[in-house]
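Peer 1: Residue-level listing of the chains:
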Amino acid sequence: MALRGLWLLAYEHGAGGAVLFSRRYPTVEKRAKAFNGESYVNIPEDSAFLKALLFELKLTDPDKNFVEYRDSCSRINKTSVYALPTGGGDLWPVLAFQKSGLIYVCLPLVEQSLKPRPPLISISGISQAFALLSGLLVFINCSQKNKAEMNAKKQPVWRISAYKGKPQVNVCITEKVKSMQYDKRDVADMWQVYGTVTCKCDLEGAASNVTVSLNLPANGSPLQDILVHPCVTSLDSAVLTSCSVDVMDDSAFSGPYKLPFTPPPDLFNLCYYTSQVPVPPILGFYQLKEEELQLKLTLNLKLHESVKNAFEYCEARIPFFNRGPVTHLEYKVSYGQLDVSREKSLLVWVIGQKFPKSLEISLTGSVTFGSMSKEQPVDPICTGSTAYVKLYFRIPDYTLTGCYADQHSVQVFSSGKPKISTSRELISSDYYIWNSKAPAPIVYRTLFF
Amino acid sequence: MSVRSGESWAQLITSFRAGPTAFLLARGSDDTFLAELLQDMSSERLSEQTKVSMLTLLLEFPTLLCPDPEVGERVASSLLANFAQLPHSPKLSWLRHHLLLVLGTVLITTDAFGEGSQASRDYLSLLLHLASDLNDQRQGPGDRGVRAAACESLRELECCYPGLFSRRLDSLHSMQQQELTPVHQGYTLLYSLALRNAVLLLACQGEGTLSDLLAGNEGLAWEAVGNAGTVSPASIDRLLLLPTPTETKELKSVLSQLLDGSYLLTPPAQSQLLWHLAQVLCVIRTQSPAIFKAQLVRLFGTAHVALLHASLQLKGLFTDSLFTAEDEAFLLRRLVGMAQHPALPSPLKLFYVDCLLHFPENRPLGSGSEEGLPVLLTPRLASSLFPSLFNDPGTMLARLNLLSLVCLENQGPEAERGVGYIFEHVLALADTVAGKGGHEATGLFFRATYLFARYFGSRPQLMAELTDTLVGLYRQHCSLAPNLINLLNETQVVLDDPAWPTSLSKALLELIVGMPLLPPWEQELGWHLKLLARVAKESGVPQGSTLEFLQRLVRLAGAGRLGDWHIGQALLSVCRNLLHHQPPPDSSQLAELLQVVSLSYPDVDVQDRARFYYTLLLCLSGDKLGAVLAPGGRLKARTLSSSITADSENFAAALTVHPAPQCLLQLQREAPAKPISVPMPASQPCPAAF
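Protein chains in written order, with this note's numbering: chain Z, 1 to 449; chain L, 1001 to 1690.
Take every hint as true, because none was put in to throw you off.
Between beta-carbon pairs, the in silico distance windows are:
no., chain 1, residue 1, chain 2, residue 2, range
1, L, T1032, Z, K200, 52 to 58 Å
2, Z, A48, L, T1244, 54 to 60 Å
3, L, G1208, Z, V138, 42 to 48 Å
4, L, Q1582, Z, Y444, 46 to 52 Å
5, Z, L20, L, W1094, 17 to 23 Å
6, Z, P62, L, Q1257, 55 to 61 Å
7, L, S1043, Z, L20, 28 to 34 Å
8, Z, S334, L, S1479, 45 to 51 Å
9, L, G1208, Z, Q112, 24 to 30 Å
Hints listed in this document are in silico derivations from the structure and should not be mistaken for laboratory results. Quick reminder that beta carbons are idealized off the backbone N, C-alpha and C, glycines included.
Chain Z on its own, in the form it takes in the complex (with noise of 0.2 Å):
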């Protein structure tokens, strides 16, 4: 890979930003002068970088209304790739992400003439660069040994480090479940549901493959989408067929989804699917009602009858947002307990392990709030009688799709017999029940009806 330039830099709201590590390619710069011509545009130093990119990442005069460089609305960004304005010109393509006070940076050599610039997809160091960022942003602490032992076959690159200890092989697949409901006729509710499967094998020596088979039950939703890790050997074409964005069909393959593949050393992600479940694990329906200064609300949460009902936890959240703190609530539940948070800003609704016999649940009850402070919790989309539930749970050792891997869909081809894991869990993600009674954020949008 052909990088100009690296950085790590620092940057916090108000505090502006620092440098924190920066590297540059000499070699690769002259090989850039050369591709690029009279395009070339010089690296600044550092300073002058970090200014430059501020303030194309909008960073800059957070306290000014507009600035018509930075706020101009021509100005679209669709990429995180960017072109800094330097004395010399326009410095691109500049990949950037921003996460958790830290901007990951780096520039790829272009080996052609940037005027005119050329498309992302024609750059051929600009995917190394993004794999590049992704993982610097994962591995950010994460050093690796370079310890490797002689055989003789070739060794994967990737699988660098010797494992001695008892051999063992874990297989993880955690489904996450979005739902977006409405109760309205006008709009569709929307769930989604979306897998990884994670594992960490511990084997002896560099050239152990291992198969895993992810299996469905007969009633199972069919795995879509499926990404491998790069680690995985090969492929039948029958895996990747199933797309979400195709219509569903009944002949879609349904499995067992072979992945056959040569383990790294650490934990990694086999693979990540989605999958369309016909129903929602529960369904809700919430209104809130402004009537003179208080709030009613109903809240009333079904769990579907072929969910696993055992919880580890399950609890709606209830939030209030533009509002003052919450001066006085009456209420009434039919199961499970409601507390206020400390902040006077939430009402959460525990609701435990388990729902009761009959899978239906309600809340009703009055909220009085005082005046707004600067403490409380603003939200722009969530004005008005505009408000959501936000489910949290998690079900151990179920998966909405009905996929899971067992002691006999794990193969391992290695000197010894490992002892073999596997688990499985279900667990909310943005998981929103809106008040019926107002406008709210619609979030898919089917053309056919």
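Given the coordinates of chain Z, assemble chain L onto it according to the supplied hints.
Peer 2: Okay, now just chain L, sitting in the frame of chain Z:
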């Protein structure tokens, strides 16, 4: 010179890095910094870590430290001697690794590298010697890092001087085949790069045969030092090589062997290998690219961006000779799926959306460098990419742009419904602005509006509704005036038919002139006047009501309820634009207004400027007035002071009082305290910038 301590070096290195040019300038021309650095490299008192840090200065700023090839050569010789003294200890492996990289960097960047340079010849033989220790047979695994660095250095030389190893392909290939430790990646990349360069140069220069090339086992091609920048992917379409069937077969076996082992490399290295081999095949027309077929399913299924990108690049290069129509449709669906895959980070998804707009089609219609939709991207396929309020701003705008294109280029009820949804989305963004979403929400809404106007500006009904929304927002938040002015300017540039910006201007004008002037309106008045000044530039908008509004203001000023300099200037900016508005507003009314201001406005500077405008209006014909007041008007230099001819948007230029470039007055406290400088008073933060 005595040896500096580790801390002293650490400090020096930090201050050097903070500003390399300034650091060296401060030390003068007869500086000994470099000499000191080289000398201390062999000191035993400094730790390896310190030495590595010292080396990074040469690694990153070689041309600053070594301004010419002679110095480069000297430095390289010194470092080579240094390297030779270091024992083969695993502890020193990191330092030796760095020395190798620095040597290459210095020789290459100072242009010292060449056949005539002793250091270059020594460096190359050192690298080749180190690289020949296959499978750690001589030095053991402890030296593997150094060997990897040697491979990397050789590759860098081949990158910078394409063809340098073109006569040694067989020996590079044999090393590549024999190496089994993870360093095999270095050998594979070195070989594939040398192979690509050699084939491309052969096609360029036409000297020799492919067979000789592959079997080459001679010395170095030093003449390649002049090849820098000649082998570029951009020129590849024009190259062609037609080897004999035997040669093709030989090459095929080499390529197949490399491809079969490709899965053993890290994904970025795989993508590089694939790209090198693809370029070779692109030039050699006798070999079918079907040789890549076996890799495709693996590439299609990957979660790794570099591998997916490699498959897109293969597609761009080989189109239907490698990808069937079915493959194409499949790849596109995968790409749409990945552009919204919940498991992927958002920068990657944005990259995939961008790839969709430059999708390498088997039968492309457009030029490829402009954004364009692939024919197969139907509204049905794209509907999963509808933006939502929960997207980050970049994602939202990228999706909005893509979906707008999809709806624009397709017809039928789905596309119409799509436009409706996009519009609803823009309106929902307006609600977040009204809901005090702050700076970010405002920026996002105006960008979305701009995109919408750009694509659907010719739909009167929707645009009228959008106008109402914008007017409603301005009624609530007058501080949006600069955003609105910017929107007017930008849409006017981008739309073929500027009917919408004009009608938006009219609507804003109507709103403002109809507003009651009630306290506390001082703050808002600045915004109103700024917007009116912009609207007064619209030739299609009648300005009678603006004049009446200004008259009301002036009456208030006369009554002593309004007399601020800023407001006065803002008011005159509107007048200035009215002076050359087409069609001209009622000039007697305007003259009367200017006269009243010049007589009764409570600020003298405002009075002066008004009097000046009044004189201009009375004394100049319409044509002349227009020429004088037009930005950069013809008569500017000859007859008028720059303050009126300048663009009225430009605050500094429009002022009759200009800030001096340097302090005119500086108060200094006599010793011992620090001098306190009193800068010229800056303009007050006021919404009314003129």
